[in-house]
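Each chain is listed here by its residues.
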Amino acid sequence: MSAKSVTGSKVLSVSLLASVSALAAPAIALAEEEGGGGIGLLIPKMGEFLPALVAFLVLLLILGKFGWPIIVGALDKRAAQIKDDLEKAEANRIETERILAEHKAQLDEARVEAAQIIADAKSTGEAVKSEITAKAQQEAENMIAKANQAIEAQKKQAIAELQGSVADISASVAGRLIGHDLTDAEHLKLIERYVAEAGSLDAN
Amino acid sequence: MGVLSDLPEHINELLEDLGGGPVIGSGDSWFYISQYTIWMLIAAVVLLVIVFAAKKRMALVPQGRFVNAVEYVVEFIRRDVGEGVIGHGYEKHLPLLLTIFFFIVINNIIGLIPGCKPGTGTMGVTFALALVVFIYFNWFGIKQQGLGTYIKNIGPAGVILPLFLLIWCIELVSLFLRLITLAVRLFANMYAGHIVMGTFAILTTLFLTPLITSFSAGALGTATASIGWMLLLVAMYLMECLVAVIQAYVFTLLTAVYISLARGH
Amino acid sequence: MNVIGYGLAVIGAGIGIGIACGKASEATARQPEMQGKIFTTFILGAAFMEALALIGFVVALIA
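Residue numbers (numbering that gives the first Met the number 0), protein chains in the order written: chain A, 0 to 203; chain B, 0 to 264; chain C, 0 to 62.
For the record, the hints were derived by calculation from the structure and aren't laboratory data.
Take these hints with a grain of salt, some might be off.
[To be verified] Each computed DSBU-like pair below joins lysine-lysine, with the alpha-carbon atoms no more than 30 Å apart:
no.: 1; chain 1: C; residue 1: K36; chain 2: A; residue 2: K76
no.: 2; chain 1: B; residue 1: K91; chain 2: B; residue 2: K151
no.: 3; chain 1: A; residue 1: K76; chain 2: B; residue 2: K54
no.: 4; chain 1: B; residue 1: K54; chain 2: A; residue 2: K87
no.: 5; chain 1: A; residue 1: K82; chain 2: B; residue 2: K55
no.: 6; chain 1: A; residue 1: K87; chain 2: A; residue 2: K103
no.: 7; chain 1: C; residue 1: K36; chain 2: A; residue 2: K82
no.: 8; chain 1: A; residue 1: K64; chain 2: B; residue 2: K142
no.: 9; chain 1: C; residue 1: K36; chain 2: B; residue 2: K142
Whenever a hint applies, use it, and build me the whole structure from the sequences.
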């Protein structure tokens, strides 16, 4: 077996594995004679058992009192904190959304209101403008009418005055002319002129 | 080419070394300090240091990889083993579960360091752990259900009396077997793992020796085989790293299962 | 003889754990969200099967 294995091939190595276990068997048997192996392996030795028991119980006591509860507690605390934070964040998110919606609604309302106000103002302005225009027009018309009346009245007065004065003047002129020698031709011309004058005045 | 002729002798040496002879006192007296005890105590101190260092650095905002790692393991044991297996009322068992897991895993990992020995590599230590667990879950069951009900509930419910008695006896044996299997499983895994690793290490050296003593073509061939042993050793070592954690987990898980079984329904 | 007996004892446990592992992978593939529970169950089953192998180991050492 060992001679063959010198070739060092892998297959032989594997077969060697089997031979090793076969060789280990007498080894274990040998060890058994010395009291170190065999069933002796499975009998707990007091010298190892007692320290292990005591050490483990002490560890359990110390760690169970001062070690694990604190670590586990810290983990719990962290988990609770994270859960709390997440819940808070969620609540905050909802609150924010609510406020946002509220603000949006308010904004919309304000916008509508503003539009309303502008429309109102526009219509009011329009009304005022038309009113003012109408008033101005009315006033203007009134003024024109009044002016016309005044003009008419003054014209009439003037005509009346003029007619009066014409009569006076003609009377005086006639008086003056009467004192004068009138030729027939002059006389006729004069009368004609007066008649024309009076006629043209009448036409006015 | 008697490379393997020395093997039994070396294996015996290995076994004797793994036997962990007394350091203080003599093997004949009932009390002595063995190497395993010393490594076990070192593991206990390491555990205390780790836990108290983690405790000191615990803060609302997690900080540092070390604390995170400890927290992760604590949380894993708590959620997967505590909450998952025991269910409601698991909180009061947490200290036991956590202590067992951390104690075993630190022992196993210390054992993986070359030159060190796992505290769990001897029946004395594993039996002490198993005994604590055994007494704990039985005491818990008796406290929870009352002595009479607990003893009755070892057997199945709703079967005829002769069958019940038969199954009760079998279940009683299996109940006490739990104590033994708990202890032996952990011990055997550690012990066997170290024997296999030790054997591969011995083989690596044995196959390399001819090359060192006298250089020849044959010796070179033997040395190549040694590389194969080396690779096997590395593979075994990685496997043992896994086993170290898995066995601690299994021990803790079984403790939780036994506790939940003892609680009754 | 002891070692052969233990080897035989391990065959059963090996087959059992192999089947359990295969089924656990299958179950995980079907329902990946149950991975944690399936793993726990698998480890538990493997531990009980291992217990049988350990009984073989103990008997091999005793005999």
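Broken hints, by number = none
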